[in-house]
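The hints should help you fit chain B onto chain A, whose structure is shown.
As a plain string of letters, each chain reads:
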Amino acid sequence: MTTTSDDRIPAPLRTEALEQLLTERGLVDPAVMDKFIATYETQVGPLNGAKVVARAWTDPQYRERLLADGTAAIKELGFAGPQGEHIVVVENTASKHNVVVCTLCSCYPWPVLGLPPSWYKDPAFRARVVREPRTVLAEMGLDLADDVELVVRDSSSEVRWMVLPERPAGTEDLSEEELAALVTRDAIVGVAKVQAR
Amino acid sequence: MTTIADLGGTDGWGPLTRPTADEPVFAEEWEGRAFALTLLTMGRVSGQNLDAFRHALARLDRTAYLDDGYYGRWLNAAELMLVDSGILAPDAIDARARKLRGEDVTEPEVPEARKPDYAPTAAGSLRTVQEPPRFAVGDRVRARDVEVDHHTRLPAYVRGHLGVVDVVQPAHLLPDTHAHFQGENPQHVYSVRFTAQELWGEGAEDFDLTIELYDSYLEPAP
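Protein sequence lines, in the order shown, are assigned to chains A and B.
Read in my numbering, the first sequence has 99 at position 99, and its numbers run on one by one without any break.
One gets my numbering by counting positions in the second sequence from 1 and adding 197 to each.
Please note: incorrect hints may appear among the correct ones.
[What the hints assert, rightly or not] In silico EDC-like links for lysine to aspartate or glutamate, alpha-carbon gap of 20 Å or less:
(1) A:LYS121 to B:ASP264
(2) A:LYS51 to A:GLU176
(3) A:LYS193 to A:GLU172
(4) A:LYS193 to A:GLU139
(5) B:LYS312 to A:GLU24
(6) B:LYS296 to A:GLU16
(7) A:LYS193 to A:ASP147
(8) A:LYS35 to B:GLU226
(9) A:LYS121 to B:GLU220
(10) A:LYS121 to A:GLU132
(11) A:LYS121 to B:ASP403
(12) B:LYS296 to A:GLU19
(13) A:LYS96 to A:GLU85
(14) A:LYS96 to B:GLU225
(15) A:LYS51 to A:ASP7
(16) A:LYS96 to A:ASP147
(17) A:LYS121 to B:GLU226
(18) A:LYS51 to B:ASP219
(19) B:LYS296 to A:ASP7
(20) A:LYS193 to B:ASP219
(21) A:LYS121 to A:GLU139
(22) A:LYS35 to B:GLU225
(23) A:LYS121 to B:GLU306
(24) A:LYS193 to B:ASP258
(25) A:LYS121 to B:GLU225
(26) A:LYS193 to A:GLU178
(27) A:LYS51 to A:GLU132
(28) A:LYS96 to B:ASP405
(29) A:LYS96 to B:ASP363
(30) A:LYS75 to A:GLU85
(31) A:LYS121 to B:ASP208
(32) A:LYS96 to B:GLU402
(33) A:LYS96 to A:ASP146
(34) A:LYS193 to A:GLU85
(35) B:LYS296 to A:ASP143
(36) B:LYS296 to B:GLU306
(37) A:LYS121 to A:ASP146
(38) A:LYS35 to A:ASP59
For the record, the hints were derived by calculation from the structure and aren't laboratory data.
Extracted from the complex, chain A is given alone in its bound form (with noise of 0.2 Å):
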């Protein structure tokens, strides 16, 4: 493994070097390799978590079971898999919100919102909303109110976090489909709220 900056080798390379010893010893397929990609790329994302949100949005029933039971509810929607095994969902409302981190890697659910994003990745999300959430919150562009009541979620352990955020004012009118357009990924783990547009 490189050590110094100074003479490293370039990650792309290196990444290049290891596809071709593992491929030439049939460790790894290429095409399994390109629909993993693919399956993040396309399929798997925050749109999944969208639709969910939406759903318990237009559906009281539906909502009661997202809050009780996570991944069942979730898994009726047809989304399951790697790093979604215990999904807890918390409810951001006016008075009470909701943040989700892990500290010490970068835990997140992917059924519901795929691979994360750089912001949930970047070492200065991780050290720091555990420390001063509502100034890291703010920086991003969250500003809450003091009395506000603040949860963060560290996400050790093989528990993934969800956050169900509050339906915008103005749109009791839109469909369910049309609510999902708006429901973000930014709310979804509590560093934004949604708009109505």
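Below, chain B without anything else, positioned relative to chain A:
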């Protein structure tokens, strides 16, 4: 074992910025390749063990952990796992990379494989524990304040601090032994709630924090 991966509460990282909406899943093509190679390495090639992968990440030095970002550290951890299990020689990747860019290098021999003799007892990490949980919701607990010389998911910033059991979660296999291929040893897992004042002192911002802690990370508190 305090490692580069244990970032919670550490200083010197600078400010965050507003998230961008349409970020690609993989910023560069190699990141997707490194992602897939690592999944295959930890799931199949070097032994099926997610905790061993996290332990490999935690053993990287600062440069290997930080300089090429998230998928850079995945790549480096995959390399470490492959070297550990005797699938690749320590310099194999760099030698091949130099060759790819036209240098005249002799590549190391393929070593003798020493893949860990371990197969999971079930898929995933959730397991059943016969004994009832030691703690119930509302119990006061203290996170143990011990330095260990093995992998752990007990971050430095909660060690020694007092909290309250918030949720009794399903039992999991124990990363501390599993990461070393030394057995699954399933334990109960608790979401423990700490106040910000308990963790960071009187001047802290007003918030609570929950974190999942394994049974052996906790002791009862008065």
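Okay, the hints, checked on the actual structure:
1. A:LYS121 to B:ASP264: holds, 13 Å
2. A:LYS51 to A:GLU176: Given that 20 Å is the threshold and the Cα spacing comes to 8 Å, the pair holds.
3. A:LYS193 to A:GLU172: holds, 17 Å
4. A:LYS193 to A:GLU139: holds, 14 Å
5. B:LYS312 to A:GLU24: holds, 19 Å
6. B:LYS296 to A:GLU16: Distance ~11 Å between B:LYS296 and A:GLU16 Cα, so the pair holds.
7. A:LYS193 to A:ASP147: holds, 17 Å
8. A:LYS35 to B:GLU226: holds, 14 Å
9. A:LYS121 to B:GLU220: Holds, because 13 Å separates the two Cα atoms, which is no more than 20 Å.
10. A:LYS121 to A:GLU132: holds, 17 Å
11. A:LYS121 to B:ASP403: Distance of about 24 Å is beyond 20 Å: violated.
12. B:LYS296 to A:GLU19: Between B:LYS296 and A:GLU19 the Cα gap is close to 14 Å, so the pair holds against 20 Å.
13. A:LYS96 to A:GLU85: Violated. A:LYS96 to A:GLU85 sits at ~26 Å, over the 20 Å cutoff.
14. A:LYS96 to B:GLU225: violated, 37 Å
15. A:LYS51 to A:ASP7: violated, 47 Å
16. A:LYS96 to A:ASP147: The given pair, whose Cα atoms are some 9 Å apart, holds under the 20 Å limit.
17. A:LYS121 to B:GLU226: holds, 18 Å
18. A:LYS51 to B:ASP219: holds, 18 Å
19. B:LYS296 to A:ASP7: Cα-Cα ~15 Å, so holds.
20. A:LYS193 to B:ASP219: Within the cut-off at roughly 17 Å; holds.
21. A:LYS121 to A:GLU139: holds, 16 Å
22. A:LYS35 to B:GLU225: holds, 17 Å
23. A:LYS121 to B:GLU306: violated, 36 Å
24. A:LYS193 to B:ASP258: violated, 37 Å
25. A:LYS121 to B:GLU225: holds, 16 Å
26. A:LYS193 to A:GLU178: Between A:LYS193 and A:GLU178 the Cα gap is close to 16 Å, so the pair holds against 20 Å.
27. A:LYS51 to A:GLU132: Violated, at about 31 Å.
28. A:LYS96 to B:ASP405: With Cα atoms ~11 Å apart, A:LYS96 and B:ASP405 stay inside 20 Å; holds.
29. A:LYS96 to B:ASP363: holds, 16 Å
30. A:LYS75 to A:GLU85: holds, 10 Å
31. A:LYS121 to B:ASP208: holds, 16 Å
32. A:LYS96 to B:GLU402: holds, 15 Å
33. A:LYS96 to A:ASP146: holds, 11 Å
34. A:LYS193 to A:GLU85: violated, 26 Å
35. B:LYS296 to A:ASP143: Answer violated: B:LYS296 to A:ASP143 is near 52 Å, above 20 Å.
36. B:LYS296 to B:GLU306: holds, 15 Å
37. A:LYS121 to A:ASP146: This hinted pair is violated, its Cα atoms lying about 27 Å apart.
38. A:LYS35 to A:ASP59: Judged against 20 Å, a Cα distance of about 34 Å means the pair is violated.
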